[in-house]
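Protein chains: 2
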Amino acid sequence: MIKLKRILVPTDFSAYSEEAMTYACAFAEQFKAELHVVHVLQDLVGVVPDPGVAFPPPGDYMGELQTSAEKALLQIPAPEWAAKNTVVRATRQGPPFLEIVRYAKELEIDLIVLGTHGRGGLAHVLLGSVAERVVRKAPCPVLTVRPGEHEFVMP
Amino acid sequence: MIKLKRILVPTDFSAYSEEAMTYACAFAEQFKAELHVVHVLQDLVGVVPDPGVAFPPPGDYMGELQTSAEKALLQIPAPEWAAKNTVVRATRQGPPFLEIVRYAKELEIDLIVLGTHGRGGLAHVLLGSVAERVVRKAPCPVLTVRPGEHEFVMP
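Those protein sequence lines, which keep their order, are chains A and B.
Start counting the first sequence at 1; every next residue gets the next number (full-length UniProt numbering).
Start counting the second sequence at 1; every next residue gets the next number (full-length UniProt numbering).
Only chain A is shown next, with the shape it has when bound in the complex:
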């Protein structure tokens, strides 16, 4: 019988990860698994400074981003849910798909729950590609969740 001890749900704090969060929480509850909520801060390599900005961001820019991400993470999932279940929150820095796969390997994650965009828009292509790469490289099964699935239009 399959045992899910550790479930990983990456979040980018967007609506796209909310639906995934709902599934991750349901699965964590059902299997009494630890829920790992991870936010990946993209590092600044390859980010071109804005032409209007004379200097690169100060040295603690990533540090500030991280502090603000850690604060935001404390609300996900909702504290009431977290109080009744085991939640591990973490931030990582690097290319999102790589950090997600790496985290899953290091922490021996049994299931990754991943939000992915619906159709249309450049954002779809971007997050779609993260999801695709995670599906290809993850050391464990991956559940992909699109927002607004199972939506029914009233007649």
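The set of hints was computed from the structure by calculation and includes no laboratory data.
Here the structure is a predicted model, which is why all the values come from computation and not from measurement.
We treat Cβ as the ideally placed atom computed from N, Cα and C, and that holds for glycine.
It is possible that some hints are incorrect.
[Stated by the list, open to error] Pair by pair, the computed Cβ-Cβ distance ranges are:
id : chain 1 : residue 1 : chain 2 : residue 2 : range
1  : B       : Ser-14    : A       : Ser-129   : 24 to 34 angstroms
2  : B       : Lys-84    : A       : Thr-86    : 21 to 31 angstroms
3  : B       : Pro-95    : A       : Lys-32    : 32 to 42 angstroms
4  : B       : Lys-3     : A       : Ala-15    : 44 to 54 angstroms
5  : A       : Lys-32    : B       : Arg-133   : 56 to 66 angstroms
6  : B       : Lys-84    : A       : Lys-3     : 16 to 26 angstroms
7  : A       : Gln-30    : B       : Ala-15    : 25 to 35 angstroms
8  : A       : Gly-59    : B       : Gln-42    : 39 to 49 angstroms
9  : A       : Ala-83    : B       : Gln-75    : 43 to 53 angstroms
10 : A       : Pro-79    : B       : Ala-90    : 37 to 47 angstroms
11 : A       : Gln-30    : B       : Lys-84    : 12 to 22 angstroms
12 : B       : Lys-32    : A       : Ala-83    : 18 to 28 angstroms
13 : A       : Glu-106   : B       : Asp-12    : 26 to 36 angstroms
14 : B       : Ala-15    : A       : Arg-133   : 23 to 33 angstroms
Chain B: place on chain A using the hints.
For chain B alone, coordinates are given in the frame of chain A:
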């Protein structure tokens, strides 16, 4: 709270779908969901007859394939498991990814569990592309499972 009432697991009777089946069964048990096991018979459109064969296959060729698929389906998942849970078995005919997505829509499936190849080989590309398309087009979340995940090598 998420309710999974109907779980779909497509099978091509290969080892690649076995691991997916294990997960599908575990999830069906845990959520007390109906397990739909579906085999898609690829239709013969586009299949070029072998140069040595003078005639196209007789008219009941697909019928025979279907009968043999239905017989094989009766063993998946194992009858002992099926006796204690609700299992629906079905065959469809057409392009696999399309039939899987269509079945999920028609039967209001809540979760698709899909086996996918490991690395290497042409087969990887083929089944990989089925998985990718299902992930993109499915009306519900998709769990992709690779065989041999979480394998540990003894020191």
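Hint-by-hint comparison with the structure:
1. As the Cβ distance of B/Ser-14 to A/Ser-129 is approximately 28 angstroms, the hint placing it in 24 to 34 angstroms holds.
2. The supplied range of 21 to 31 angstroms is met by B/Lys-84 and A/Thr-86, whose beta-carbon atoms lie about 30 angstroms from each other.
3. For B/Pro-95 and A/Lys-32, the Cβ-Cβ distance of about 40 angstroms falls inside the hinted range of 32 to 42 angstroms, so the restraint holds.
4. Range check, B/Lys-3 to A/Ala-15: about 22 angstroms between beta-carbon atoms, so the 44 to 54 angstroms window is missed.
5. Distance hint check: the CB atoms of A/Lys-32 and B/Arg-133 are about 34 angstroms apart, inconsistent with the given range 56 to 66 angstroms.
6. For B/Lys-84 and A/Lys-3, the hinted distance range of 16 to 26 angstroms is satisfied, since their beta carbons lie about 19 angstroms from each other.
7. For A/Gln-30 and B/Ala-15, the hinted distance range of 25 to 35 angstroms is satisfied, since their beta carbons lie about 27 angstroms from each other.
8. Separated by about 58 angstroms at the C-beta atoms, A/Gly-59 and B/Gln-42 break the suggested range of 39 to 49 angstroms.
9. Taking the beta carbon of each, A/Ala-83 and B/Gln-75 are about 46 angstroms apart, inside 43 to 53 angstroms as hinted.
10. Distance hint check: the CB atoms of A/Pro-79 and B/Ala-90 are about 44 angstroms apart, consistent with the given range 37 to 47 angstroms.
11. Against the hinted window of 12 to 22 angstroms, the Cβ-Cβ separation of A/Gln-30 and B/Lys-84 comes to about 18 angstroms, which satisfies the hint.
12. At about 27 angstroms, the beta-carbon gap between B/Lys-32 and A/Ala-83 stays in the expected band of 18 to 28 angstroms.
13. The hinted range of 26 to 36 angstroms is satisfied by A/Glu-106 and B/Asp-12, whose Cβ atoms lie roughly 33 angstroms apart.
14. The hint said 23 to 33 angstroms for the Cβ distance between B/Ala-15 and A/Arg-133, and at roughly 24 angstroms that hint holds.
Violated hints for the displayed structure, listed by number in ascending order: 4, 5, 8.
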